[in-house]
Amino acid sequence: SSPRRFRAKILSPTKLHVSWKEPKGEFESYKVIYTTRPGGEQKEVQVLKQEAKLLIQDFDPSKEYNFKIIAVNGGQQSKPLQAKHEAQRSGVEVVQSQRTQDRGVTDENNEISEG
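Read in order, the letters of the sequence shown are residues 1 to 115 in my numbering.
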């Protein structure tokens with residue numbers, strides 16, 4: 001199965017913290033592929049199974065980030081968890097309000113108590 005429940009949080013003007021929940025079933029690690037727009041630069045990062053998170057240290061808030069998070073098991077790959085982090089128009093404050101707006105996600109809020 002695929003990784004699920006993508007979350008992105010801006011820690012500072014240059015750092016974006018991305019996390020997700022691990023999929024059910026066997027897998028060895030994650031592959032995170034992300035592209036920025038404008039610019040279209042693509043990066044691929046390997047993430048350890050027990051991590052399920054990624055810190056982007058050269059984050060640019062003025063760009064849109066598109067993520068694909070894939071669980072890898074040997075030569076097999078899961079379907080990607082796809083997510084988008086919108087470009088910020090006025091710095092850091094807008095993040096929380098626009099995170100789930102356009103996807104109609106309603107079950108995000110009852111997850112908070114889990115570490």
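Don't read these hints as lab results, they were simulated from the structure.
For clarity, every value in this text was computed on a predicted model and none was experimentally measured.
Please note: incorrect hints may appear among the correct ones.
Keeping only pairs whose Cα atoms sit at most 30 angstroms apart, straight-line, the calculated DSBU-like set for lysine-lysine is [claimed, not checked]: (1) K84 - K15; (2) K53 - K9; (3) K53 - K79; (4) K68 - K24; (5) K9 - K21; (6) K9 - K24; (7) K31 - K49; (8) K53 - K63; (9) K79 - K21; (10) K43 - K68; (11) K68 - K9; (12) K15 - K31; (13) K15 - K53; (14) K9 - K31; (15) K43 - K24; (16) K53 - K24; (17) K84 - K68.
Unmet hints by their number, sorted upward, for this structure: none
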